[in-house]
Amino acid sequence: MPYLGSEDVVKELKKALCNPHIQADRLRYRNVIQRVIRYMTQGLDMSGVFMEMVKASATVDIVQKKLVYLYMCTYAPLKPDLALLAINTLCKDCSDPNPMVRGLALRSMCSLRMPGVQEYIQQPILNGLRDKASYVRRVAVLGCAKMHNLHGDSEVDGALVNELYSLLRDQDPIVVVNCLRSLEEILKQEGGVVINKPIAHHLLNRMSKLDQWGQAEVLNFLLRYQPRSEEELFDILNLLDSFLKSSSPGVVMGATKLFLILAKMFPHVQTDVLVRVKGPLLAACSSESRELCFVALCHVRQILHSLPGHFSSHYKKFFCSYSEPHYIKLQKVEVLCELVNDENVQQVLEELRGYCTDVSADFAQAAIFAIGGIARTYTDQCVQILTELLGLRQEHITTVVVQTFRDLVWLCPQCTEAVCQALPGCEENIQDSEGKQALIWLLGVHGERIPNAPYVLEDFVENVKSETFPAVKMELLTALLRLFLSRPAECQDMLGRLLYYCIERPVNSWASDFNTLVPVYGKAHWATISKCQGAERCDPELPKTSSFAASGPLIPEENKERVQELPDSGALMLVPNRQLTADYFEKTWLSLKVAHQQVLPWRGEFHPDTLQMALQVVNIQTIAMSRAGSRPWKAYLSAQDDTGCLFLTELLLEPGNSEMQISVKQNEARTETLNSFISVLETVIGTIEEIKS
Amino acid sequence: MSASAVFILDVKGKVFCEYFKELEEESIRDNFVIVYELLDELMDFGFPQTTDSKILQEYITQQSNKLETGKSRVPPTVTNAVSWRSEGIKYKKNEVFIDVIESVNLLVNANGSVLLSEIVGTIKLKVFLSGMPELRLGLNDRVLFELTGLSGSKNKSVELEDVKFHQCVRLSRFDNDRTISFIPPDGDFELMSYRLSTQVKPLIWIESVIEKFSHSRVEIMVKAKGQFKKQSVANGVEISVPVPSDADSPRFKTSVGSAKYVPERNVVIWSIKSFPGGKEYLMRAHFGLPSVEKEEVEGRPPIGVKFEIPYFTVSGIQVRYMKIIEKSGYQALPWVRYITQSGDYQLRTS
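Read top to bottom, the protein sequences are chains P and E. Okay, so the first sequence: first residue is 1 according to my numbering, each after it adds one. Okay, so the second sequence: first residue is 1 according to my numbering, each after it adds one.
Looking at chain P on its own, in the form it has when it is part of the complex (with noise of 0.2 Å):
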């Protein structure tokens, strides 16, 4: 960001870093350097006084040092050029005896990120792996994986992996955890670093000497080796034993996960590790930290899953707090609804109706829906509490209510006659969409035992104009065609007239979408999917090749949906296999003038094919283009509407530049069809790069 006055800043900084006097003195030197920092972070470019950094990177204050490597690091890749000779200095302190001094030096060389550092860093790197100071070791194994990421797709040097996998020896037990971290890394491609017999049994006898991060890190290692008897299984599983009482939650999951999945063939030992494992848990889950009780609380829901009931005996534990946040509060509540068994299943339903209530909407919603989930097991409780709910006729708790009735009369058909009796007035208090669905439903399924169904239903018919959803109208119609069935004589009167409102207003599309597969395919994607076969039969005598079979599995699912909802989109329809000839084109092309032109961001390399095939999904054709990779890449698109207007198109692709020039020519100048193709082609263009990235 370029600040208003930087260039001022710059000048008066440089010249205090050059002043001798502010050299002298160590604190004002420092001072000065760490304004230069406190505008870096600001956003100022300080690139400027680059080489009066790295002159002031000659000193033994270890903290001037650090914020100096601080500023390189941030402007190492934007100025390659004076960074390369801060890497002087950088080897030098390389050597240096102060081990601190080593370690860090290496670590900021090898967090420069520039281009052709590699060749610097390599040597310091290997001298470091074999520092005597453990520190130097650490940084440089970690080292070693950003080296690897600067190359990008660079081979694995074998020997330095050999090297690697030999520092899992090292007396320091973060270096050897570094050493595992380092390795992942550079050997991603080929599926990480192996764990075989002598390393597993290796790491396993240092477990003890790590750090709860590497326990935990290593734990997850360890997951990929597989015991080659039932005696070496148990021997691991005894050693692993104490880690699920450390204190740290990560270690414990971490042992926790390698019980399970080693001990697969033995289900008593998977139970027994969970029973052990309640404890931190249920610690875990009242933590002091927020989001640690959020992740335990997941991990609690986990094990319900496998082992319901498992936390029954603790449901208070799961009792939320008034102070608690509200994800929290969500999770404990899935939790109680799925922990519930006849013993507990008094004080829960009590607990979670006290909820109902509660000033936040969300929450009073979900704990109504966990009512409703218990009622599964426990209709007839619940369906009291709930019928109760809808005597506070307040709007938000009454239209969850009765969707949970909804859904409960599927699955419990003996509680229908109490929700049947609960309904009458319920009308009154709901508003939204989700809720009127829900109670027409209802009425309409059940209509027969509800006294007053019909008389619901007719409010709602009388006020069908006013209804802004759709979808509570289709509601409708269905509803009440199924209770004419049952009580015609009621019915048949405001059955005639919504059928009358429905038909005689075609502006209402709904109703003609109505028992069409409009409400499966979505509005736009079943549009086209019409159109497509109209046009497949307008056109019988074009033959159907390849536009046809492009729509096929080359593009994955979700973009293919995009691209086909894309002619839909204003009133562009382009006529699929509209071939030119290429002479035609090219005198077409000669003869127009450019009507538009663009350029869209465009990185790295990409198939042309995938792009041709893509193009032809949405009805453009391809008349020429650049082979793959040659450079200036280009390309000759062209296309027609239905009303016959040509667009005519060219790509492309300068070498070095990250952008795709687009030049659009026009038969007819029509703006307005002419934007809706360039919004096709930009479509399509940002797809093709997005499956790309």
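Think of the hints as simulated: they come from the structure by calculation, not from any bench. Where a beta carbon is used, it is the ideal one built from N, C-alpha and C, also for glycine.
To be clear about the criterion: a stretch of chain E counts as covered by chain P if any three or more of its residues have a C-beta under 8 Å from a C-beta of chain P, and this derived list gives those stretches:
id	region
1	25-36
2	50-59
3	164-170
Okay, the calculated bits of chain P under chain E, using three or more residues with CB under 8 Å as the criterion:
id	region
4	167-181
5	210-216
6	319-330
Once you've looked at the hints, dock chain E against the given chain P.
This is chain E only, laid out in the frame that chain P set:
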């Protein structure tokens, strides 16, 4: 992995807190050099490295300009096998302070039934010991008593659940014979934590009547009862009672202590400096309500209680001995202090 990832954020926060006392935007801005130095050591390439604030403090210091530069070396702990203690520590007077702190979490329903009551205990140590001492801590742990056949005697014992130790404790020995043996880090640290979910009588019991007469007034009556031993005294008791946000003109009457209206939190805080066990106190409060009611509905916040009872543990846990062995053979004194305090102590109101 997710648990680890979340945990590191928490740890970073804690490390910063230990450096700056409190973690705020201001303190980060003022100390950006140290923040940068810390982040540099905490994580490398996204992987956690040295996260123990004790060790970090040895080579990243607040007044770093005082550092004798040029001589600075890697502190031995960064390379040490016992990563939590450096060698060559010396004290004139060798002492260990042991704090046994139990916090009580309580959740009581509006109708007075206890929903949740648990004790979270921690044993914190403050170690001023020279050299590499070997410590052994003895507790009245029920499992240990059963192991040694002491359970039949009149010794009171406690069954600890979900015990967690600092990484310095040798877990294998604890598993074998329940001995807590360790080489401690220097200075403050948390040796162990435990949890008891055995139901205990709520230490301070609150009965409340909050009567709201719409458009005119709210009347609050709170009765607090100390349900612990008569010899003990709860200090700094603070009972916060929720009031509607549009309440005005407060009036209070208390049998002991003082009450204060805190409008920004919508509570009345009744503070009692010392509250002996077995006593019962009363507070009445009266608020006016505006005649025009505001539209939004309010939640029903619970009554919260804060207190601290020294020389007392709810669970009855006791330190039976603390043995300190160092090869130089010095004598060291252990000091023990017990405190019970309120944790998340809430009583719902109707």
